[in-house]
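Same order as they appear, the protein sequences are chains A and B.
If you count by my numbering, then the first sequence holds residues 917 to 1052, one letter each, in order.
If you count by my numbering, then the second sequence holds residues 92 to 464, one letter each, in order.
Honestly, the hints are just simulated from the structure, not real lab data.
Because the structure is a prediction, the values reported are computed rather than measured.
No residue lacks a Cβ here, since even glycine has one placed at the ideal position from N, Cα and C.
Treat the hints loosely; a few may be bogus.
[What the hints assert, rightly or not] Computed, partial: chain B to chain A, Cβ under 7 Å:
1) Q126
2) G129
3) L141
4) H180
5) F449
6) V461
[As the list claims (entries may be wrong)] Far from chain A, some chain B residues (derived; all Cβ distances over 10 Å):
7) A109
8) S123
9) Q127
10) R147
11) E148
12) V191
13) L320
14) A450
[Stated by the list, open to error] To spell it out: a stretch of chain B is covered by chain A in this simulated footprint if at least three of its residues, at any positions, have a beta carbon under 8 Å from a beta carbon of chain A; those stretches are:
15) 151-164
16) 182-190
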Amino acid sequence: MTTRKSTDDETAARGGDASPEAIALADRIKAERQYIGLSQADVAATLGIPRAAVSALETGRRRVSGLELKRLSELFGTSVDRLLGHSRSEDPTTTALFRAAKNLSDDDKQQVLRFAEFLREAGQAPPVTRVEEGQE
Amino acid sequence: MPSKAVTDANTAAQRLHARLHTDYTKPIDVFSVVQQEGIWLVSRPLSAGLYGFYLREGDAAGIVLNADHPEYLQRYTCAHELGHHVLGHRSHLDQPDDVVGPTAGHPVDEVATQAFAGAFLMPLQAINRVLRRLGMPKSRRLDAPDVYAISRELDVSFSASAWQLAALGRIPFQDADRFAKQGAKAAKDAMRPGPPPEGDNRAALFIVEPDARDVPILCRPGDELRLRLPENAATGHIWRIHSPEIPRPAKPQLRWDGRKDATKDAASTPANVTQDISGESLLRLAENRYHPSSLNSDQPGENASVVGQPGTRELVFLVDGPGRAEFNASLSRPWEADRIDTFSITVRIGPAHALNGFAVRQVREHAARVAEG
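Next up, chain B with everything else stripped away, as it sits in the complex:
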């Protein structure tokens, strides 16, 4: 049974969203909200022992975040500091335990502020939307990759979403505890058939399958996009990429011609390639693999390969940006003009969004105010 302080914090978060007419189709833009509320927003180089702080001096209130933190952690700390403001707390320095630590034994203010941060960044309306968009019905028992996908859509940390989903009764608390202990990396590893491509291991991972073709994809530079398209090697139908433009591979056997028998060896060796692509597109092909078995089955494994059984073409892209990129492919036999299927998606790539220094618009307004005298 949540304490009154926690219930009040949840109510305060809901009220603020109602007043701001929050758009739940996108991650909650807490940096913008703080500025709209007339609170100074800054990031500064702070030590690892200080996540951020909230200060109040007379009429003026301000939030300072740790400039060395990744965006999702800055967002979470920012929501925490906003909680101090909204709940009428006094100035506060927030150390790691205050922001992300267990709440047991904490002062009631910090417990309430943590509840506020969760409820503000992950309100029920936003979570329900994400669950619908990701095609996760109420009956589904959410596993770690599900929670990961939800956290990515909400732009919050994996463990923060696990705890909020538990607080909302969507997953059992013992699952949240287990997920939080195992971490986001374990969840992401479970979503890939092999090792991650080189890059930032904090980058987000997106898996796109044909039934998700209408789902808009919003990612950030450095993110990993894995497109999984059903392909039946035995029929000779293979996916051909029309955009982004992929330079011809150096070795002809890298593009599987579909004529060989779909044996384990034929499918797993030549098609497992890493191409060094330097194209204009913001989508950079890092891997192009054929998996003879479904990547979705409960027991993925090379041994499940059976001649004639449909497999999966997996295209792994690393995302540059910001900007917009198109992916278009068609399924056909290389020697025939007929296409039996097509697949297109648009990927929007937002700017890297972590806060660096003073919020620019606030400082510009401030400078204009000083100039006017």
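Looking at chain A on its own, in the form it has when it is part of the complex:
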């Protein structure tokens, strides 16, 4: 898994004409890729584009097409709306869960909300046969 922090070079490499919105979108794509634990190469293979193009997507140097945005949201188990920056909100189920729990941290709540979204968007887990030790 690639977990490189963005460096000054990368920041400098961000397109001079990239709008703040484009950079925010690029950051969300990177954060969501890291959430699901995929590498840039994995994302590239899924979208059918070169790895360097994914790197460019995550620094705002390359525009994201509508189709790519849809694919990315499917891959990350989120929605196009969320990738575009619309915030996630509680629903009756999570509100009830939070009410029943004691002293839940805000980070914990975010983890619950994000995973609930993942389940809604990604659907049922793919079938996996018996997993040998060390392959998780």
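Fit chain B to the known structure of chain A by using the hints.
Structure of chain B alone, referenced to chain A:
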């Protein structure tokens, strides 16, 4: 008398094992089972107040575990969350009391789920196998080190195994209560003649004696392996290690030559050494001691030493890995070619197994599904 909810939870765990044709010779691989059942499996950084949670959204179900927890606790929480799924419960956030707390006064769902977790990770078939493998007959009253060894073989926490052994009628409930209060560290300390070697105090401790030479050993990186071989200092027969290759100690007196009288001083001072070994082997010798008395007697103590009485050579290894390591030694007099005994074991060292992030195979399958459109 267990409640109906508990009986039903036990039955559900047994049914699931029957359907999965579970292999009881190894710890139950609950991470694999969850994935086979089509449940998403993930670990995320959660606060200390949240062990894990189970969510259901339409057809999709998923389990999130605390990424900061050690493997055995993740396994136990995972079995608990699997219980919510199998028992048809709704989404649930599990805080410490839900997973490992006392069940008195808890909602019936949590009591049933705890029963499921115990029965799933420690089914009777698996416990009986472990008892046989460890040579613990039914008549034996299990003490804390016994329960520790069982918990290690099942890869569950010490207190969880104590409670499950009590639930199965194998130990009295008051013993389980006492063991759980004293904790695994006390049990491990009772198994060692001295302080633990440096390392992770959550690492597992294995004691291997000659009668266990055919018992396969499966450990994890960081574990502590103590080999105890009978040695009679007075006869001059000493154990020599052929593998792993041990570099020659810096000080000649560190390897006891067997010629000195087996007095308390001779045996306890020079042989109590810690060697800094940097070999290729995955077994790293941390200590090499001669104990003039048996380490198994009910009253171990240096004072039990009698000249001519058999003692014990104790070799303490720290395990690196993953991989496979061989230990070979022979018992002979240094000045004679004849070997009067040999001892060999193979140690399999599994990978560190705690879950970190999304279960890899699930995400790969998911990505492939998205790529296909």
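Consistency of the hints with the structure:
1. The criterion of a C-beta within 7 Å of any C-beta in chain A is met by Q126(B), whose closest approach is roughly 4 Å, and the hint holds.
2. Checking G129(B) against chain A: minimum C-beta separation of about 5 Å stays under 7 Å; hint holds.
3. For L141(B), the interface hint holds, the least distance from its beta-carbon to any beta-carbon of chain A being 5 Å, beneath 7 Å.
4. Of the supplied interface hints, the one on H180(B) is violated, with its beta-carbon coming no nearer than about 12 Å to a beta-carbon of chain A, more than 7 Å.
5. For F449(B), the shortest C-beta to C-beta distance to chain A is roughly 5 Å, which falls under 7 Å, so the interface hint holds.
6. Checking V461(B) against chain A by beta carbon gives a least distance of about 5 Å; that is within 7 Å, so the hint holds.
7. Listed as a non-interface residue, A109(B) keeps its Cβ farther than 10 Å from every Cβ of chain A; the least gap is roughly 16 Å.
8. A beta-carbon of chain A is positioned within 10 Å of the beta-carbon of S123(B); the least distance is around 4 Å.
9. Q127(B), annotated as away from the interface, has a beta carbon of chain A within 10 Å; the closest lies near 6 Å.
10. With a closest Cβ-Cβ approach of about 8 Å to chain A, R147(B) is found to fall inside the 10 Å limit, against its non-interface label.
11. Annotated as non-interface, E148(B) brings its C-beta within 10 Å of a C-beta of chain A; the closest such distance is 4 Å.
12. V191(B), annotated as away from the interface, keeps every beta carbon of chain A farther than 10 Å; the closest lies near 15 Å.
13. No beta-carbon of chain A comes within 10 Å of the beta-carbon of L320(B); the shortest separation is about 30 Å.
14. Listed as a non-interface residue, A450(B) fails to keep its Cβ farther than 10 Å from every Cβ of chain A; the least gap is roughly 5 Å.
15. Check result for the region 151-164 of chain B against chain A: holds, 4 residues qualifying (beta carbon to beta carbon below 8 Å, three or more required).
16. Counting residues of the region 182-190 of chain B whose C-beta sits closer than 8 Å to any C-beta of chain A gives 4, which meets the bar of three, so the coverage hint holds.
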